[in-house]
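K.L.:
Sequence:
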Amino acid sequence: PTIQGGLDWADGDTGLYAGIWASGVDFEDATTEMDVYGGISGEMNGLNW
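Going by the numbering used here, 174 is the number at position 25 of the sequence shown; the sequence numbering is gapless.
Since the hints were derived computationally from the structure, they do not count as laboratory data. All C-beta atoms, glycine included, are put in the ideal place defined by N, C-alpha and C. Misleading hints may appear alongside valid ones.
[Stated by the list, open to error] Estimated spans, in silico, between C-beta atoms of each pair:
#: 1; residue 1: Trp198; residue 2: Thr151; range: 27 to 35 Å
#: 2; residue 1: Pro150; residue 2: Tyr186; range: 21 to 29 Å
#: 3; residue 1: Asn194; residue 2: Thr163; range: 14 to 22 Å
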């Protein structure tokens, strides 16, 4: 068994978003995996990106 979780943030006015996700792992040299991400989303002419 392991523990994992994440936290997301988004700004609806600008389309900016960011987050972090982490999980316990059982690799030779690591016991935790942590991913940090961010970006921008939007819409143009009916196309969401």
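K.L.:
Run through the hints listed earlier and report the numbers of any the structure violates, in increasing order.
P.N.:
none
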